[in-house]
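Using the working numbering, you'd call the opening residue of the sequence shown number 62 and step up by one each time.
Keep in mind the hints are simulated off the structure, nothing from the lab.
Be aware that a few hints might be false.
In silico DSS-like links for lysine-lysine, alpha-carbon gap of 30 Å or less [claimed, not checked]:
#1 Lys147 / Lys113
#2 Lys154 / Lys87
#3 Lys154 / Lys79
Here are the computed distance ranges between Cβ atoms for each label pair [stated by the list, open to error]:
#4 Lys149 / Glu128: 23 to 29 Å
#5 Lys149 / Lys92: 35 to 41 Å
#6 Gly90 / Val197: 23 to 29 Å
#7 Tyr115 / Thr184: 34 to 40 Å
Glycine included, C-beta positions come from ideal geometry on N, C-alpha and C.
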Amino acid sequence: MIYFVCSEVAMAKSAVEKSCGAVVVKRKGSKIFVLIVRQMEGHWGFPKGHMKDYESEQDTAAREVLEETGVEFEFYSNFREETHYKLKSGNMKNVVYFMGRRTGGKEEPQENEISEVRWVPLTDAIILLTYDTDAVVLRKAMRYIKDNIEEYSDIL
Numbered sequence: 062m063i064y065f066v067c068s069e070v071a072m073a074k075s076a077v078e079k080s081c082g083a084v085v086v087k088r089k090g091s092k093i094f095v096l097i098v099r100q101m102e103g104h105w106g107f108p109k110g111h112m113k114d115y116e117s118e119q120d121t122a123a124r125e126v127l128e129e130t131g132v133e134f135e136f137y138s139n140f141r142e143e144t145h146y147k148l149k150s151g152n153m154k155n156v157v158y159f160m161g162r163r164t165g166g167k168e169e170p171q172e173n174e175i176s177e178v179r180w181v182p183l184t185d186a187i188i189l190l191t192y193d194t195d196a197v198v199l200r201k202a203m204r205y206i207k208d209n210i211e212e213y214s215d216i217l
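Generate the whole structure from the sequences, applying the supplied hints.
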């Protein structure tokens, strides 16, 4: 009986998928732009992907942003947002988002996964984002920028 209970716990843990990504921003003149991607299926969101066993959450976010978009970024401290939702399969999905400032790279969509990489004015991005969970993360990112990032304080 104990074996059965342990098996259920193991199964429950494996039914949760975890991904990490980032809200990456850049300033151009008097506007802040945010990096979003269009999945091959047509959904707009932030770059993100599954963790590898040996990676930290930030390592995963940095790798996924670079793989999916070609963009490099520097993390802002103290921004970490986690979303939870149920997949069509019935499994739960947890996504951890960080935030950062673009530092380099060249925008190039990941073949077979991303159809478009786009910098969108921060205030317009909410219209393009497909999922409500991403819109919530974007609103929290906007609040973080307003309260914490001095170089952008004159814009928001």
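Hints that the structure is at odds with (numbers, increasing): Nothing - there is no hint that the structure violates, so all of them hold.
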